[in-house]
Amino acid sequence: DAKTTQPNSMESNEEEPVHLPCNHSTISGTDYIHWYRQLPSQGPEYVIHGLTSNVNNRMASLAIAEDRKSSTLILHRATLRDAAVYYCILRDPLGNTDKLIFGTGTRLQVFP
Amino acid sequence: DAGVIQSPRHEVTEMGQEVTLRCKPISGHDYLFWYRQTMMRGLELLIYFNNNVPIDDSGMPEDRFSAKMPNASFSTLKIQPSEPRDSAVYFCASSFDRETDTQYFGPGTRLTVL
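Protein chains in written order, with my numbering: chain A, 1 to 112; chain B, 1 to 114.
A few of these clues could be false.
Unchecked claim - Derived DEER-like restraints, expressed as beta-carbon distance ranges:
(1) 41(A) x 76(B): 20 to 28 Å
(2) 66(B) x 93(A): 23 to 31 Å
(3) 28(B) x 57(A): 34 to 42 Å
(4) 21(A) x 39(B): 20 to 28 Å
(5) 9(A) x 110(B): 17 to 25 Å
(6) 87(B) x 80(A): 44 to 52 Å
(7) 56(A) x 63(B): 40 to 48 Å
What the hints assert, rightly or not - Sample of chain A residues at the chain B side, in silico, Cβ under 8 Å:
(8) 45
(9) 63
(10) 104
(11) 107
(12) 111
No lab work stands behind these hints, which were simulated from the structure alone. None of the values given here were measured: they were computed from a predicted structure. We treat Cβ as the ideally placed atom computed from N, Cα and C, and that holds for glycine.
Hey, can you work out the whole structure from these sequences and the hints?
As structure tokens, then:
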């Protein structure tokens, strides 16, 4: 499986935008980029995913580099509730496994 | 839908005892996953099922661990005998199908083995 690299931690102030980077230089042509987050004392929850084009949903936006070797999860206005560990994961739906392989993620702290 | 349901939410047991964790996936989901999370190893996949059939159990740590899915609405993860190093949070997740891909996680079971 292609690997992802994320910063261990990031900080933000409430109501400011947050850009969470992810590097995936060995991504294959059929790998989707998935983002999950894990709030304290909860199970991970799906945030967003994409293949090539930028994606938006009610939670966040996903900006994917043209060469697909990196991507950025964008929280437009951070709230205290967004404090969590954010995981960037690659997955090929055409591959021979249904696994999601979680790395160490980025721990986001949000200050009032 | 109530989401993925796990029970118990907390379990404290003594070394050597049998532990059974339970999971009810979201109705209609074909895939069920068991994960374990510790500070040292992070979140790791133990086993997953498709249509009640185990597909990949390569993450199961050893023979003390076993998982079953007798029907589409119920799965168990059993540890026998339990050891202190099994202490962790165990998550169950389900997904609709491979194409949709999104996994929905339960709240987890926090297991402490004394």
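Hint-by-hint comparison with the structure:
Between residue 41(A) and residue 76(B) the beta carbon distance is about 23 Å. The supplied range of 20 to 28 Å therefore holds. At about 29 Å, the CB distance of residue 66(B) to residue 93(A) agrees with the hint of 23 to 31 Å. Separation of residue 28(B) from residue 57(A) is about 22 Å and departs from the stated range, judged on CB atoms against 34 to 42 Å. For the pair residue 21(A) and residue 39(B), the beta carbons lie near 24 Å from each other, so the given range of 20 to 28 Å is met.
Under the hint 17 to 25 Å, the C-beta atoms of residue 9(A) and residue 110(B), about 24 Å apart, fit the expected range. At roughly 30 Å, the beta carbons of residue 87(B) and residue 80(A) sit outside the given window of 44 to 52 Å. Between residue 56(A) and residue 63(B), the C-beta spacing of about 47 Å keeps the proposed range 40 to 48 Å intact. Contact between residue 45(A) and chain B, as hinted, is supported at the beta carbon level, the nearest pair being about 7 Å apart and thus within 8 Å.
Checking residue 63(A) against chain B by beta carbon gives a least distance of about 20 Å; that is not within 8 Å, so the hint is violated. The criterion of a C-beta within 8 Å of any C-beta in chain B is met by residue 104(A), whose closest approach is roughly 6 Å, and the hint holds. The interface hint given for residue 107(A) is violated, since its Cβ lies 12 Å from the closest Cβ of chain B, which is over the 8 Å cut-off. With 8 Å as the threshold, the beta carbon of residue 111(A) stays out of range of chain B, its nearest partner Cβ sitting at about 24 Å, so the hint is violated.
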